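*Asks:* Below, each chain spelled out in residue letters.
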Amino acid sequence: MNSREEILGRVRAGLQRNATNAAAGREVMAAALSANSEGPKPVFDTAPQALLERFRVKSELQSSTVDIVAADADVPAAVARYLAEMKLPKAAVVQPALAALDWAAAGLAVEARGARDADLVGITGCFCAVAETGTLMMCSSPDTPAAVSLLPETHVAVVQASRIVAYMEDAWNLARKELGTLPRAVNFISGPSRTGDIEQTIVLGAHGPYRVHLVIVEG
Amino acid sequence: MEIKSMQFKARAAGSLANVALQGNLKNAKGKFVTKRAEAIRDLDDFEGTRDAAAAIRNKVIDNLDLWLERFEQKARDTGATVLWAKDGAEVCRLVIDIAKKHGVKKVTKSKSMLSEEAGLNHALEAAGIQPVETDLGEYILQVDNNEPPSHIIAPAVHKSLDDVADLFHKVHGTPRKTDIPALTREAREVLRGHFLSAEMGLSGGNFLVAETGSVALVTNEGNGRMVTTLPKVHVVITGIEKVIPTLEDLSTLMRLLPRSATGQSISNYFSILTGVKKPEEHDGPEHLYFVLVDSGRADVVGGDFHAMLRCIRCGACMNHCPVYQTIGGHAYGWVYPGPMGSVLTPLYAGIENSIDLPHAATLCNQCGIVCPVKIPLPDLLRKLREKQTERGLRPLTERIGLRMWAWVAQQPKLYALGASFGARYLKWLAGGADRIRVLPTAPEWTLGRDFPAPQGKTFRELYAARRKSAAT
Amino acid sequence: MRVGLFVTCLVDLMRPRIGFAALKLLETAGCEVIVPETQTCCGQPAWNSGDAPGAVALAKKTIAEFEGFDYVVAPSGSCGDHIRTEYPTLLGEEPEWRDRATALASRTYELTDFLVNVLKVDSVPGDADGLIQGSVTYHDSCTGLRSMGIKEQPRALLAKLRGIQLKEMDGCEECCGFGGTFSVKFGEVSAAIAERKCNNVLASGARAVVGGDLGCLLNIEGKLRRMGNETTQVLHVAEVLAGRV
Ligand code: SF4
Chain A
1 MNSREEILGR VRAGLQRNAT NAAAGREVMA AALSANSEGP KPVFDTAPQA LLERFRVKSE
61 LQSSTVDIVA ADADVPAAVA RYLAEMKLPK AAVVQPALAA LDWAAAGLAV EARGARDADL
121 VGITGCFCAV AETGTLMMCS SPDTPAAVSL LPETHVAVVQ ASRIVAYMED AWNLARKELG
181 TLPRAVNFIS GPSRTGDIEQ TIVLGAHGPY RVHLVIVEG
Chain B
1 MEIKSMQFKA RAAGSLANVA LQGNLKNAKG KFVTKRAEAI RDLDDFEGTR DAAAAIRNKV
61 IDNLDLWLER FEQKARDTGA TVLWAKDGAE VCRLVIDIAK KHGVKKVTKS KSMLSEEAGL
121 NHALEAAGIQ PVETDLGEYI LQVDNNEPPS HIIAPAVHKS LDDVADLFHK VHGTPRKTDI
181 PALTREAREV LRGHFLSAEM GLSGGNFLVA ETGSVALVTN EGNGRMVTTL PKVHVVITGI
241 EKVIPTLEDL STLMRLLPRS ATGQSISNYF SILTGVKKPE EHDGPEHLYF VLVDSGRADV
301 VGGDFHAMLR CIRCGACMNH CPVYQTIGGH AYGWVYPGPM GSVLTPLYAG IENSIDLPHA
361 ATLCNQCGIV CPVKIPLPDL LRKLREKQTE RGLRPLTERI GLRMWAWVAQ QPKLYALGAS
421 FGARYLKWLA GGADRIRVLP TAPEWTLGRD FPAPQGKTFR ELYAARRKSA AT
Chain C
1 MRVGLFVTCL VDLMRPRIGF AALKLLETAG CEVIVPETQT CCGQPAWNSG DAPGAVALAK
61 KTIAEFEGFD YVVAPSGSCG DHIRTEYPTL LGEEPEWRDR ATALASRTYE LTDFLVNVLK
121 VDSVPGDADG LIQGSVTYHD SCTGLRSMGI KEQPRALLAK LRGIQLKEMD GCEECCGFGG
181 TFSVKFGEVS AAIAERKCNN VLASGARAVV GGDLGCLLNI EGKLRRMGNE TTQVLHVAEV
241 LAGRV
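Residue numbers (this note's numbering), protein chains in the order written: chain A, 1 to 219; chain B, 1 to 472; chain C, 1 to 245.
This list has only true hints and no planted wrong ones.
In the EDC-like style, the derived pairs of lysine to aspartate or glutamate whose C-alpha atoms are separated by at most 20 Å in a straight line are:
1) B/K86 to A/E5
2) B/K29 to C/E173
3) C/K185 to B/E398
Covered by chain B, per the in silico footprint, the following chain C stretches (three or more residues, Cβ under 8 Å):
4) 41 to 51
5) 221 to 228
No lab work stands behind these hints, which were simulated from the structure alone.
In this text the structure is predicted, and so the values were computed from the model without any measurement.
Positions of the beta carbon are idealized from the N, C-alpha and C atoms, including for glycine.
With the sequences and hints as input, model every part of the structure.
*Replies:* Right, dumping it as structure tokens:
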């Protein structure tokens, strides 16, 4: 008997599996998978302006910095301003999805591609953002490679205000609606990478970015 | 991992005598407990969320075979390979086979307690494959002669800043630093090279999502993302009990897991990984393997300890356990410490290999109160004590003593006699003082404290006397 | 109202005055209190040590002794909870006994809970006596707190004593390390946990530490004395509330 059969056999024995309880179990399973029922969620104001505000506050609590601009066209200048303030290089890798913005006009040298170790700044969009916790939802694709938000020491993310949802549950529904199936990688990001492994003292910049800057486009 | 749980008592004594460890434990305790208490406050319905989480976990483990089949099917549909391992040896064999198949020389690892159970690092090394632990805590332990973890969330919690400073100075050959950010950067720089050069990434899995065939990973450092994004092969090692139904359920559990574990409202990175890289994608593994591990879990299904399979490995029970807080994780002698470890070790590593563990708890139920999936840990510990007695695993004197005591307590006259004798004996031992310094009948009590003297007569004697005098 | 007083084996052996204090509190509040002579132990030590048959036998004995009363009251959250929560569980396989256990469970109370929530007392006799004066800190024993919800009841009663001020200590809800047989199986660990508790007691600056379970109190007193503290009083809440007995 192979291991799979042996393991499942013992699980079935433990559950005293028979045709009747298997049918009942399948029903429970089918119901759970079709209902997609949600658990209790924290209650807060979900009007668009309130969501934006909550997302901003929660993101800052996660040690991200936040800038708000009026339109997509303002993004490159806002990013350039941030990089200048932080005395960071004006060169960045950008997810291909954002290649169309006029980065050169803002004095930025960007390359639209996947990330490499030497990249110091990575610029990404996001699939949506979750106000509950101040979290970005990143979905991987050829246009939105995952490593751009991971390898560089600085991660700048562009967030459309209209894409700020209240809860993670809303983000799943958006993904089901717009993508059908999940992409290879969904990464929820809440601030810069960190560790508390030495004396439970939180240090920013463990293996991923040291800083995360959010540019929210009000639109 | 070698089981040293039979030496609990000696190891606990060692922990108590270790001044540095006592300081580290005290420091950690305060942080874990306060942060969790703050973090649960912003859930309006914390108790309701715990109920929902327990229900989600029950739903799966009550029909585990069906959910496993469903997950397996879904994962295969996404292009992953699903393998099954009965025990640690099979885990090692499967992982080494995968590594050989893909010509892997180096494996970067995100934290996996199951790989500790299986002793995987050792097996990989023996097969000529280099395992590199990348969670900072695990890395610290690996470069310190493969020291075992003492906590499931913060593996190096027993180490102080000074310990790490000395260690990095020694193994990295760099000037000694005592600045935590600088030490963290030093590890980052060493590990970045490994991330980029490893051909295989190995991770545990916090949850397996049946709806989508995905694995969900909760990390803060970003190492989990590195090992699942950069190498061409990704191997997930998880216990068979880790399945959950839907993405919504994942969201519910995520409201509790980071809050219970580290006091965060959400972890920095929460990754849901499904299938393999498409040809036109820039990153992601080309091969994804799931190794679903039994190692004792299947036998727990449907039995007295079924509820333990709900565990989501948050570590809150140990962070809040007065015993863990006092002796740390190494004393428990295997992979899992604290209350959950005192239940899991006997179940997975053998009840006869861990006789002390179920008794090494005050049954204060602080663990049961904080457990996000409401596992009645004290009840399970008590049940294990019962199993030990049934199997005759307790010392004979203890068993006879208990039986005799229970028998005498059923004979009121005899009991009354025994009690008044006992009260007088203890009073005599105290010799007129208000305390007994050495208690011959229970010497352990007076090792570290006095035993207050009794009044000298029993309540029942005094009460009878009072009734008599009232009657006359 | 006929109340059966479950004295507990530890009070019987070590501190009869706590039993008399409980008696006085209940009688002053107007109860007819009966102390069944044949009572011994509720069986919790057997249950917690893995001796289920012993625990079952003692549970049946206790049920038979106490089921004739309107209420059962114990000056202990731990023993009270054993009757209230564990009896129906441990007799779960014998329907007749389980039903008797359930019936008894619903009428079983810890002393301060009974005084506050059933008798709804306005005053306590200790107030007139003024035997104990000054600041006290309260140790919440684990089972009473977490299983029976004993938290505000003793504090509400202590607040009725004019000469007493409550000074809460840090970690008042943390285990003192007693744990029944744990204290004699793992004496050093148990004493180390007790030391944390005692440090919190001392840091509170209170003149006395008060609690509702004698096991914890013996542990705390034993550790305080071994630590060299001779002045902090260690008292059962019943003693404080009842005054002179
Ligand atoms: S038993 Fe509960 S508290 Fe302990 S690790 Fe598991 S889920 Fe967390």
